[in-house]
Amino acid sequence: MSRYSAQPSAADLLWKTETLALDDRIVITGIGLASPNGNNLAEFRQSLLAGKSGVVDYETRYMPPVLAGVCNFDELRYQKRKEVRRGTRAGSIAVYCSNEAVVDSGLNWDSVAKDRVGVYLGITEHGNVETENEIYEISQFGYDTKVWSHHHNPRTVANNPAGEVTLSLGVTGPHLTIGAACAAGNAGFIQAVQMLRLGECDLAIAGGVSESIHTFGIFASFQSQGALATHEDPTKACRPFDAQRNGIVVAEGGGICTVERLTDALARGATIYGEIIGHAMNSDASDFVLPNSTRQAECVRLALSRAGISAGDVDLVSSHATATEQGDIEEAKALKAVFEGTQAAINNTKSFIGHAMGAAGALELLGNLPSFDDGIAHATINLENPDSRCVLPNLVANEPRNMGEVNCILNNSFGMLGINSVVIVKKYEF
Amino acid sequence: MKQVFRAVETMSARGFLMTGVEIRQAVLEILERIAPDEDLSGLDDAVAFREQMELDSMDFLDIVMELRKGYRVQIPEEDYHNLNTMQSTVEYLTPKMKDVPVAG
Chain A
4 MSRYSAQPSA ADLLWKTETL ALDDRIVITG IGLASPNGNN LAEFRQSLLA GKSGVVDYET
64 RYMPPVLAGV CNFDELRYQK RKEVRRGTRA GSIAVYCSNE AVVDSGLNWD SVAKDRVGVY
124 LGITEHGNVE TENEIYEISQ FGYDTKVWSH HHNPRTVANN PAGEVTLSLG VTGPHLTIGA
184 ACAAGNAGFI QAVQMLRLGE CDLAIAGGVS ESIHTFGIFA SFQSQGALAT HEDPTKACRP
244 FDAQRNGIVV AEGGGICTVE RLTDALARGA TIYGEIIGHA MNSDASDFVL PNSTRQAECV
304 RLALSRAGIS AGDVDLVSSH ATATEQGDIE EAKALKAVFE GTQAAINNTK SFIGHAMGAA
364 GALELLGNLP SFDDGIAHAT INLENPDSRC VLPNLVANEP RNMGEVNCIL NNSFGMLGIN
424 SVVIVKKYEF
Chain B
2 MKQVFRAVET MSARGFLMTG VEIRQAVLEI LERIAPDEDL SGLDDAVAFR EQMELDSMDF
62 LDIVMELRKG YRVQIPEEDY HNLNTMQSTV EYLTPKMKDV PVAG
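Note that the protein sequences, when read in sequence, are chains A and B. Residues 4 to 433 in the working numbering are what the first sequence lists, from first letter to last. Residues 2 to 105 in the working numbering are what the second sequence lists, from first letter to last.
Next up, chain B with everything else stripped away, as it sits in the complex (with noise of 0.2 angstroms):
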């Protein structure tokens, strides 16, 4: 068992599969190309998106949108309140993209 979280830590290290951070960076990333008018350097992790840009209900789309196409990652209706800040995106979309391999 220890032996395959070495070998996923590692491979991970490596740039194969993604961590938090790197899931971290793809939504970061998908903000930015949703809000190209925002500063999104200062974002807080803890607070919700829609209090720090803005972002309404088709923005909020574009998000489900872009990890849908670049990600195949499914996010059911039921389940978009769990994007509701940084931290809890991270934390719900981890299990779903832990096996997804980082480009280059």
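Just chain A, same shape as in the assembly (with noise of 0.2 angstroms):
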């Protein structure tokens, strides 16, 4: 049997725990995160577990207001106000989360060396929010394309992000952008980890980042496919698996974190919030923005075994669901085929703060690592009515749960052009 079939039989999971050296091993040690609805880990995590909703009525250009997940972090902490009005939004929330990541892991900043960090961000697009509000600038000058800003090429090359936080910290090591639509707040960590065990850098600062709502064009994209979710209670707006949702409501935001060896981590003593024991990503190779159920199934069992275990392992799995009609349907179709008879509780962090993009994945795994600490399932909120096509058994609706102990989350992270990806932490332990 290959070492990546679906289906892991005991000697695969021999050969894993027996050759997966300890440089091999990787874990988070820093947390960085600019949410709707928190601008750390801490106010995120307690507002997800009060049921604390971060989408508000917002304006955009050209069209009737929208429903938006906005971030309101303080740009300047980390930014000289002439850095903020040269970059780009994704840049200023990258540098932010990236920055705090960085206090947050306790590393002596100064004496890291900055040839051997790379920062690998996922993002589900780059540049329209720029070229945007070029084509709206040049409009009040009769379209003369003399006054298109010299600073577009820099903003819009789809480095940015990663690239502003270089510049913010000084890194002279690699730098990316990992597009990957929807499933980029995980690629970006699973960027990391296969850098670190290739040996391209010592530290990594991954996850993933998004400015999609300062662009008309993703709300009108999203509402001419019939998937711009409307409410008259903006938090009642996104509505994972239940019948009455009506689509996407779209979010800024991103979450960064420091990513290293366990033997690194374990030599300085650095805190770790969890060891990404899996991943995967595959693709569904059958339609532009139809998800595919069985190929996303097919990925969450790459990623089981590729860390060695086993669906009853998992204690949590964080949904991707958006909240669009046959996204809830297909994912679920996915998850019961995988977990049925299992234990692992299901939830979903989009009800909260809406769909985050490129910072999806990403603030999604983050909101539900405390669990590892607190014992406790943040729910999916907004579940009121559940849709018979998607139900399931072990959605932690409304209401947190406290499962006494987390030890494993896998969480999904899918997107357009059928991208799918997987990343499963583990708690650890000495």
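Calculated directly from the structure, the hints in this document are not laboratory data. A hint or two may mislead.
Sample of chain A residues facing chain B (criterion: CB under 8 angstroms; computed from the structure) [unchecked claim]:
| hint | residue |
| --- | --- |
| 1 | LYS83 |
| 2 | LYS85 |
| 3 | HIS154 |
| 4 | ARG200 |
Quick list of simulated restraints, FRET-style, between CB atoms [what the hints assert, rightly or not]:
| hint | chain 1 | residue 1 | chain 2 | residue 2 | range |
| --- | --- | --- | --- | --- | --- |
| 5 | B | GLU33 | A | ASN401 | 47 to 57 angstroms |
| 6 | B | GLU30 | A | GLN197 | 44 to 54 angstroms |
| 7 | A | LEU79 | B | ALA49 | 21 to 31 angstroms |
| 8 | B | GLU33 | A | SER227 | 33 to 43 angstroms |
Listing some non-contacts, in silico: residues in chain B with all C-beta distances to chain A over 12 angstroms [unchecked claim]:
| hint | residue |
| --- | --- |
| 9 | GLU39 |
| 10 | LEU44 |
| 11 | ASP45 |
| 12 | ASP46 |
| 13 | ARG51 |
| 14 | SER58 |
| 15 | GLU79 |
| 16 | HIS82 |
| 17 | LEU84 |
| 18 | TYR93 |
| 19 | PRO96 |
| 20 | VAL101 |
Every value quoted in this text rests on a predicted model; they were computed, and no experiment measured them. Backbone N, C-alpha and C fix where the C-beta goes; we use that ideal spot for every residue, glycine too.
Fit chain to chain and form the complex, with the hints in mind.
Okay, structure coming up:
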């Protein structure tokens, strides 16, 4: 049986436990985040446990007001006003979250070898905001392209958010953004794991960011697709798995971690939030926008296989569900296919903050990590009338659930063009 | 001729056309937007901008762009050296902006 076949055998598991060197074990040691309902992990977690939404009414160009998850972190904590002006919103989110992660990690940043740091940030898209802004600007001047900003190119290059982090932190190692639609947050973590194992860096600053609410296009496109959520109460607009759900609430945000080899983390006595024990990415190869439960289930099984665990070992599944009709149904099918008969609880973060696009997978994982300490699974809110087509028996509905103990979290993140990503994080114990 | 001058001076004093003082103020406001972290209260008009504040080539292009957008002033690349100090900038801009109406 191959190393990556869907169903792991006992021999596969033995191979993994015997050959995974300590250096290959990768852990999360610092967290920085900006969410519509919290500007650090403690605030975010508190909001998730309290059922506090971050969705509000929001004005965008050209179309009537919409709903969005809007962040209010202090951009000037780690940037000068000039840097904010010159850069992008995604860059500011990335700079804030990265600096927060570094502070939280306890690393003595001055003594860190900056050429051995890699920055790997997932993005759903980048450049739409700046392009739209510039087109609007030249429209005010009779479409005279002479007023098109010279900042447009450095703002819209795809590496911009990660590049702004390197400028802020003086990182001279590699930096990349990983374009992976709404699977991008997980993809950032996965890239970090792979680069650390390849020896390309000794410390990774990794996760995902999104500035998507600052362009009307994403709202207009979802509206044209019939997939933009509406509700008279913004806090109730995002309703994954609920029969009355009517689409996506777009959000901005970022979730970024310091990620290290276990050996390095232990050597410096770092706080370890969790160990990334498994990951997988695959492709549906079936549709531009419609998800595919078969491929999603394959991706989950592949991650379990690589982690050397079975579905029954997972305590908590952080679902991707966006509150679109077909998306929720397909993910529910995939989750049933893998987890039916297990005790794994399932929750959803988008119901609180909306869909933070490139940051979604990262924020959804990070908001769940404190369950390793408090044993609580936060809920999926706004689930008043479960859709019979996507009923999940172990869905944590509306109120947090005391699990007693949580040792393993599986995080789903899926995106357009049929891109799927799964990350599994285990509580670290000496 | 004197009457024309008087008319221009009167219009300027009433806030219709830009004088050197108003051009300086316009440039100062552009600098404040481009370099919002800088204290420009002690700016020496005779000393190069770059010696008194952090300005790189992209910032410099911002000055050119703001003048273009705000006052329809086109500055060819070969004239960029005229924007070295506040004094030289105002001198250079005065003939280009003298007919620009002052807002408000």
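Say whether it holds or is violated: VAL101/B keeps its Cβ farther than 12 angstroms from all Cβ of chain A. holds, 16 angstroms
Beyond 12 angstroms from every chain A Cβ - status for ASP45/B: Per Cβ check, ASP45/B is outside 12 angstroms of chain A; nearest 21 angstroms; holds.
Please check whether LYS83/A passes as an interface residue: C-beta within 8 angstroms of a C-beta belonging to chain B. At 5 angstroms from the nearest chain B Cβ, LYS83/A passes the 8 angstroms test, so the hint holds.
No chain A beta carbon within 12 angstroms of LEU44/B's: holds, 16 angstroms
Measuring from beta carbon to beta carbon, are GLU33/B and SER227/A in 33 to 43 angstroms? Between GLU33/B and SER227/A, where Cβ atoms are some 41 angstroms apart, the hint holds.
Should the label of TYR93/B as a non-interface residue stand, given a Cβ cut-off of 12 angstroms to chain A? TYR93/B clear of chain A: closest Cβ-Cβ about 19 angstroms, beyond 12 angstroms.
Could you check that no beta carbon of chain A comes within 12 angstroms of the beta carbon of GLU79/B? At roughly 16 angstroms from the nearest Cβ of chain A, GLU79/B sits farther out than 12 angstroms, so the non-interface label holds.
Residue hint LYS85/A, partner chain B, criterion CB-CB below 8 angstroms: holds, 5 angstroms
Assertion that HIS82/B lies outside the chain A interface [Cβ separation over 12 angstroms]: Non-interface label on HIS82/B holds, nearest chain A Cβ at 18 angstroms vs cutoff 12 angstroms.
Regarding the hint that HIS154/A lies at the interface with chain B, is the smallest CB-CB distance below 8 angstroms? Status holds, d = 7 angstroms.
12 angstroms Cβ clearance of ARG51/B from chain A: About 15 angstroms separates ARG51/B from the closest Cβ of chain A, which puts it past 12 angstroms; holds.
Interface hint status, ARG200/A versus chain B (Cβ within 8 angstroms): ARG200/A check fails; min Cβ-Cβ to chain B is 38 angstroms, beyond 8 angstroms.
Hints 4, 9, 14 from the list above are not met by this structure, while the remaining hints are.
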